[in-house]
Amino acid sequence: MSRDREGAPASWEVFLRARRGLAHQHAGSVRAADPDAALAMARDLYARRGDPLSLWVVRSDAVHTASPDERDPYFAGAHHKPYRYPEHFAPLTEKGPDGDHAE
Amino acid sequence: MPAERVAAPGAHDELLAHFDALIAEGATIETRDWMPDGYRRMLIRQIAQHAHSEIIGMQPEGAWLTRAPSLHRKSVLIAKVQDEAGHGLYLYSAAETLGVDRADLLEALHQGQQRASATFNHPALTWADTGAIAWLTDGAAVINQAPLCRTSYGPYARAMRRVCQEEAFHVRQGYDLMRALCEGTPDQKEMAQDAVNRWWLPAVALMFGPPDTEAGGADARTAALGAAVSRRAMAWGIKRHTNDELRQRFVDSCVPQAERLGLTLPDPAIRWNEERGHYDFTPVDWDTYREALGDDTHWARQRIAHRRAAHDDGAWVREAAAAYAARADAGASPAGAAAGERTGTGGRDGTRSGVAAPQRTEEHT
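Chains as they are written, first to last, in my numbering: chain A, 1 to 103; chain B, 1 to 365.
Some clues are possibly wrong.
[What the hints assert, rightly or not] Every beta carbon over 10 Å from chain B, so not counted as near; a handful from chain A, in silico: (1) L22; (2) H64; (3) K81; (4) E87; (5) T93.
[Stated by the list, open to error] Some but not every residue of chain A turned toward chain B, in silico, with C-beta under 10 Å: (6) S11; (7) A23; (8) H26; (9) R31; (10) M41; (11) Y46; (12) R49; (13) S60; (14) H80; (15) P82; (16) P86; (17) H88; (18) E94; (19) K95.
[Claimed, not checked] Computed beta-carbon distance windows for the label pairs: (20) A:H80 / B:D176: 57 to 63 Å; (21) B:A27 / A:T65: 15 to 21 Å; (22) B:H18 / A:T65: 15 to 21 Å; (23) B:D20 / A:P82: 39 to 45 Å; (24) A:R20 / B:H72: 29 to 35 Å; (25) B:E259 / A:K95: 55 to 61 Å; (26) A:T93 / B:E25: 33 to 39 Å; (27) A:R20 / B:R172: 27 to 33 Å.
Think of the hints as simulated: they come from the structure by calculation, not from any bench. Values in this document were obtained by computation on a predicted structure and should not be read as measured data. Yeah, the Cβ is synthetic: ideal placement off N, Cα and C, and Gly gets one too.
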């Protein structure tokens, strides 16, 4: 399907913070030639409604990724280190873990 | 872009088992997960067809932007058509996570290798058509697309959640437009009825696709073929319901709405079936219908020609943007002499958390 194409604009991943208190969340991607155009495109595309607080755009080819299935040691969830979880220890009260700091 | 892992012989079964297990437990498949080729191809085909339909679907309504009867209706229609462009872009973005390039998908549309829904190969003859399109075809889209919010491919499901939130506005404004006409002069009401007469069948037939159950009636061979495709799509969790099931759901929802508007749906066979708990309607004669709507019709050619012209007319904008970006890049290099040409909006590595102030230019309040 290849053809003589004018250079396709770069791909940018878009991250959006919908409201205060939330982290930026991945929304999708846009194509644009430069960062300002990417931001403008991201605003028109992912912020037409609501009152989003901020947008990030990151060039897709600059995102370094790893997936759990591919690299086990990265994402082992520390299941072999149970002492990282509170359930590993006795609760502070007889009500169980939820009662630790009950009034 | 997803770098596909190369599987050693024998490892394939293990990968497939893992994939099947994820589907079985209702988990989503994500971008870099291994997936069968057929699954990837079916998704690319469906998402591309969907994206193409969104952007081609801008045309019949877009033709009325300059002729809207009031500033309010014009603002609403601009917002609606802008949403359709947005839906296309959400979906091209989702398709690209499967390793295709949106420029290639658009090229395939222009070359006739991929298609948009034939629903839009109809002209919008009057203002009432914009209402009928939104009420009926967007209404059909909502019913079709709501289950896709839970489709098994993660990026597609997330795009569909955005789409569905916006479709609700589309359908309501269309119904509101039709109601205004129905409560207007006899001529206005007649215009509304005329538009419904022309858009009902395209919505019932084309928005849901070919019959895919025996209950779909029509042509047994088409139904058998459709059923095989639907079974595959449902086994993979891409689709959740048959075309015919969703079609029935659409008819059931529309009949009472049409009654409230005082409009007649152009199918004499529509009547409540107590036994089934559904409305009966005339089965779509799919093969005849599809014949009449081939790619070779005047409006099918018109839609693609318009799309190509818009793409070609916009070439200078893309070229200018690329030239601007190239110059900015040159300015950013240590040797660059064009330091003064940067716009001074901050470094490229910054997160610019203040830039997102939304401009609600399209919203009517």
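Hints versus structure:
1. The Cβ of L22 of chain A sits about 13 Å from the closest Cβ of chain B, beyond the 10 Å cut-off, so the non-interface label holds.
2. The non-interface label for H64 of chain A is consistent with chain B: the shortest C-beta to C-beta separation is roughly 12 Å, beyond 10 Å.
3. Every CB of chain B is more than 10 Å from the CB of K81 of chain A (nearest about 25 Å), matching its label as outside the interface.
4. Even its closest Cβ contact with chain B, about 24 Å, leaves E87 of chain A beyond 10 Å, as expected for a residue assigned away from the interface.
5. For T93 of chain A, the requirement that its beta carbon stay farther than 10 Å from each beta carbon of chain B is met, with the minimum near 36 Å.
6. Proximity of S11 of chain A to chain B holds as hinted, the smallest CB-CB distance being about 7 Å (cut-off 10 Å).
7. With a least beta-carbon distance of about 12 Å to chain B, the hint placing A23 of chain A at the interface is violated under the 10 Å criterion.
8. Hint on H26 of chain A holds. Least Cβ distance to chain B is approximately 9 Å, under the 10 Å limit.
9. The interface hint given for R31 of chain A is met, as the beta carbon of that residue sits about 7 Å from the closest beta carbon of chain B, less than 10 Å.
10. For M41 of chain A, the interface hint holds, since its Cβ comes within 10 Å of a Cβ in chain B; the closest pair sits about 8 Å apart.
11. Interface restraint check: Y46 of chain A against chain B, minimum CB-CB distance 8 Å, threshold 10 Å, status holds.
12. Interface restraint check: R49 of chain A against chain B, minimum CB-CB distance 8 Å, threshold 10 Å, status holds.
13. Hint status for S60 of chain A relative to chain B: holds, with the closest Cβ pair at about 8 Å, below 10 Å.
14. At its closest, the beta carbon of H80 of chain A sits 22 Å from a beta carbon of chain B; the interface hint therefore is violated under the 10 Å criterion.
15. Nearest Cβ of chain B to the Cβ of P82 of chain A: about 25 Å, over the 10 Å cut. The hint is violated.
16. Proximity of P86 of chain A to chain B is violated relative to the hint, the smallest CB-CB distance being about 27 Å (cut-off 10 Å).
17. Given hint, H88 of chain A at the interface with chain B, is violated; its Cβ is 27 Å from that chain's nearest Cβ, farther than 10 Å.
18. For E94 of chain A, the interface hint is violated, since its Cβ never comes within 10 Å of a Cβ in chain B; the closest pair sits about 36 Å apart.
19. About 33 Å separates the beta-carbon of K95 of chain A from the nearest beta-carbon of chain B, more than 10 Å, and the hint is not met.
20. Between H80 of chain A and D176 of chain B the beta carbons are some 60 Å apart, a value that agrees with the proposed interval 57 to 63 Å.
21. In this structure the supplied range 15 to 21 Å holds for A27 of chain B paired with T65 of chain A, their Cβ-Cβ distance being about 19 Å.
22. Restraint check, H18 of chain B to T65 of chain A: a C-beta distance of roughly 19 Å satisfies the suggested window 15 to 21 Å.
23. Hint check: D20 of chain B to P82 of chain A, Cβ distance near 31 Å, so the stated range 39 to 45 Å is violated.
24. Between R20 of chain A and H72 of chain B the beta carbon distance is about 33 Å. The supplied range of 29 to 35 Å therefore holds.
25. Checked against the hint of 55 to 61 Å, the pair E259 of chain B and K95 of chain A passes, with Cβ atoms roughly 58 Å apart.
26. Separated by about 36 Å at the C-beta atoms, T93 of chain A and E25 of chain B satisfy the suggested range of 33 to 39 Å.
27. The supplied range of 27 to 33 Å is met by R20 of chain A and R172 of chain B, whose beta-carbon atoms lie about 30 Å from each other.
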